[in-house]
Amino acid sequence: MTNAQPTPITTPPNRKPKIGGMARKEERSFYLFILPWIIGFLLFDAGAIIASFGISFTNWSALSAPAYVGTLNYSRLIADSVFYKAMGNSLYYGLGSVGLGTIVSFLLALLLNQNVWGMSLFRTIFYLPSVVSGIAVAILWIMILHQDFGLINSFLAWFGIKGPGWLVQPQWAMPSLILMSLWSAGGSMVIYLAGLQSVPTHLYEAAEIDGADTFQKFWTVTVPMMSPVILYNLIVGFIASIQGFVTVYVMTNGGPANATLVYGLYIYRTAFINFQMGYASALAWVLLVVIILITVVQFTVARYWVYYEGDLKS
Amino acid sequence: MQTSVVYPKRQLGIRGRAIAAKVITYVLLFGLSISFILPFLWMISTSLKLSQDVFTYPPSFFPNSFEWTNYPRGWRVLPFNTFLINSLIVTLSNVAGNVLSCSLVAFGFARLNGRGRNILFLLLLATLMIPREVTIIPRFLMFSAAGLTNTLWPLVLPAWFGYAFFIFLLRQFFMGIPIDLDHSARIDGANNWQILTQIILPLSQPALASVAIFAFIGNWSNLLDPLIYLRSTELYTLALGLNLFRGQNFTQFNLLMAVSIITLIPVLLMFFFSQKLFVQGVSLTGMGGR
Numbered sequence: 001m002t003n004a005q006p007t008p009i010t011t012p013p014n015r016k017p018k019i020g021g022m023a024r025k026e027e028r029s030f031y032l033f034i035l036p037w038i039i040g041f042l043l044f045d046a047g048a049i050i051a052s053f054g055i056s057f058t059n060w061s062a063l064s065a066p067a068y069v070g071t072l073n074y075s076r077l078i079a080d081s082v083f084y085k086a087m088g089n090s091l092y093y094g095l096g097s098v099g100l101g102t103i104v105s106f107l108l109a110l111l112l113n114q115n116v117w118g119m120s121l122f123r124t125i126f127y128l129p130s131v132v133s134g135i136a137v138a139i140l141w142i143m144i145l146h147q148d149f150g151l152i153n154s155f156l157a158w159f160g161i162k163g164p165g166w167l168v169q170p171q172w173a174m175p176s177l178i179l180m181s182l183w184s185a186g187g188s189m190v191i192y193l194a195g196l197q198s199v200p201t202h203l204y205e206a207a208e209i210d211g212a213d214t215f216q217k218f219w220t221v222t223v224p225m226m227s228p229v230i231l232y233n234l235i236v237g238f239i240a241s242i243q244g245f246v247t248v249y250v251m252t253n254g255g256p257a258n259a260t261l262v263y264g265l266y267i268y269r270t271a272f273i274n275f276q277m278g279y280a281s282a283l284a285w286v287l288l289v290v291i292i293l294i295t296v297v298q299f300t301v302a303r304y305w306v307y308y309e310g311d312l313k314s
Numbered sequence: 001m002q003t004s005v006v007y008p009k010r011q012l013g014i015r016g017r018a019i020a021a022k023v024i025t026y027v028l029l030f031g032l033s034i035s036f037i038l039p040f041l042w043m044i045s046t047s048l049k050l051s052q053d054v055f056t057y058p059p060s061f062f063p064n065s066f067e068w069t070n071y072p073r074g075w076r077v078l079p080f081n082t083f084l085i086n087s088l089i090v091t092l093s094n095v096a097g098n099v100l101s102c103s104l105v106a107f108g109f110a111r112l113n114g115r116g117r118n119i120l121f122l123l124l125l126a127t128l129m130i131p132r133e134v135t136i137i138p139r140f141l142m143f144s145a146a147g148l149t150n151t152l153w154p155l156v157l158p159a160w161f162g163y164a165f166f167i168f169l170l171r172q173f174f175m176g177i178p179i180d181l182d183h184s185a186r187i188d189g190a191n192n193w194q195i196l197t198q199i200i201l202p203l204s205q206p207a208l209a210s211v212a213i214f215a216f217i218g219n220w221s222n223l224l225d226p227l228i229y230l231r232s233t234e235l236y237t238l239a240l241g242l243n244l245f246r247g248q249n250f251t252q253f254n255l256l257m258a259v260s261i262i263t264l265i266p267v268l269l270m271f272f273f274s275q276k277l278f279v280q281g282v283s284l285t286g287m288g289g290r
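Protein chains in written order, with the working numbering: chain X, 1 to 314; chain Y, 1 to 290.
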C-alpha cells in the first residue's frame, strides 16, 4: 500500500481541498441519483404513514373537512367485534397459508433438487401458477371450488365422497382460500431451490462420512443451512398474506357470515365503501403495529432455530 | 442414531433403496404436476363449453363441443378493447417508470458515496414491510386533493419514484459489475450519467429485463388501485373490467373463463419466453416478485 503511492511530486498546491471537494461532489451526485426515491419515500411512504396517523384521530369522509375526534376511533375499535373477527381471520389465513405454503414449497424444492430428469419442466409447472395471479385466477378458483360443478368435488365424488360447499359454508370458506394459496407455492419454491443448490456439498459429504442417513443429513445440514431463507420467507410471506385481500374480495367478498372478512378487506370497506377515512386509518395503524410485533417475535424466536454460518450473515 | 449405522438391512438394500427413492420422487413429482396443471386445463375446457354444459352434474372434464366463439363473444360483452388499451397504458408506463427511476437510484446506492447512504438503504428496504393498507388511504386523499382520482395518473405516477424491491434487485446486480470499469471510464473523462448509461446498463440487461417483467406482471394483474381510483367504465383496466364482467355475468363461466384466459396470455407468454430471468431475479434478491 505505502510503496504503491510514490511521493507526491506533481501534486498541484490545491490538491488537498480538491479531494474534499470531490467527495462532496460525489455526495451531491449520490443524492441526485437517489432523488426520485427520496421524493417518493417522503411523499408516498414516510409522509403517508405520518398522515395516516394524523387522520386516525379525525372523523373524515373525504368529502367534507376532517374533524378532530381525539382517540374516539381507537376506543370504537376496541369495542368493535368485526375488528376482532377480521384480525382473527387474517391471522388464521396468514398462519394457514404461510405454514402450509412453507411445507409445500420446501417439499417441492427438495424433490426438484434431487437431480431429477426433466427438472426444468417440473420447475416450470410448479412455478407457473404463482406468476399468474389476480382476478382471472380468483374466478378460476370460484369455479374449481364450486359446490356442485367444481373440479374438487367432482374428484371427491369419484371416491364416493360428497364434498362440502367450499366457499359457501362458513367453516370451509377459509380452508378453501388457504388451499387455493398453496397453488402458488411455486414462488417460494424457486427461492428455496436456489438456496438448496447453494448448500456446499462438502457438508453432506462430511455428514456421510460420519454415517448420517438421508434424514439425519436433512435435519443436520439442509435445515440449518436453509433456516435464514426460511425465516426470510416466513416474515415476508406473513406480511404479504396478512394484508392481501383482492382474492378474497373477488371470491367471497368476506362471506359467508364474515368467515373470510380479512383485515385488508375490512379496511377497504371502511375507507372506500363507507368513506370513514379516520376509522380506516386507525385500523390500518393497528395493522402496522401488529405486523411490527409479529416481525419482532419472529426475529426473537429465530435466534433459537436460525443458523447463520459465520460469514454468511450479510 | 448410532444403531442405524450398523443396521444390517440398510447395507443389504442400498441400491434398492436408491431406486425406491427415485421411484417415489418421480411418482410425487408427476402427481403434484398434474394437480398443479389441472386448474389450467379446467379453465381452458370451461372456456370452450356451451353455457348449458358448464353446469352439468357430474361435471365433464372435456367439452362436448369446442365453442371457440366464446372468446370473441365474451370479449364483446363489455368494451374490453378499451380496457386493454388502458391496461397497456398503465402497465407500460409503469415498466418505463420503474426501469428508469430504479436504475438511477440503484446506481446511486451501488456506486456513489454519500453521508447517510447505509441508513437510507435500510429505510429503503424497510418500506417493503409497510402494509399497503397504511399508505393507501393517505395516497388516495392526496390524489383526491390533487383532483387526480378517476384518472389513470394515480396508477402511473408512483412508478416514477422507484420501488424498493426493484432498486434492491438492480443494486445487487450493479454491485457485481467490476468497479474497475467505472474507474477506467472515469479516467477517460466519463461522468456518472455516462458510466450508468454506457457501461452499467448495457451490462445489466438481464436484471433490467427481470425488473421490466416483474413490473409488467404486477401491474397487469393489479386490481386494488384501479378499484379505488377509477369510477368511469371507459378508464377501467382489464383486471377491473373482468371484475365488472364477473359481477354482471357470474353464471356465464364459459365466457368469464374465455376472457380470463385472454387477459392471462401476455403474462403466460412472458413467463415462457423468459423463465430464466424470473429465476435469476429471484435468486439475486432471495425474494419473489411481489
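Treat the hints loosely; a few may be bogus.
[Said to hold, decoys possible] With the C-beta cut set under 8 Å, the calculated list includes, among others, these residues of chain Y facing chain X:
1. Leu28
2. Pro63
3. Phe66
4. Thr69
5. Leu122
6. Leu124
7. Leu264
8. Val279
[To be verified] Chain X stretches covered by chain Y per the calculated footprint, using a threshold of three residues with CB under 8 Å from any CB of chain Y:
9. 92 to 102
10. 168 to 177
11. 270 to 279
[What the hints assert, rightly or not] Counterexamples of contact, computed for chain Y against chain X with all Cβ distances above 10 Å:
12. Tyr71
13. Phe80
14. Ala96
15. Val99
16. Leu104
17. Thr135
18. Gly176
19. Ala190
20. Pro206
21. Ala212
22. Leu223
23. Gln275
Keep in mind that the hints were calculated from the coordinates and are not lab data.
Every residue, glycine too, gets a C-beta built ideally from N, C-alpha and C.
Are any of the numbered hints broken by this structure? If so, which, sorted upward? 2, 3, 4, 5, 9, 10, 16, 17, 22 and 23
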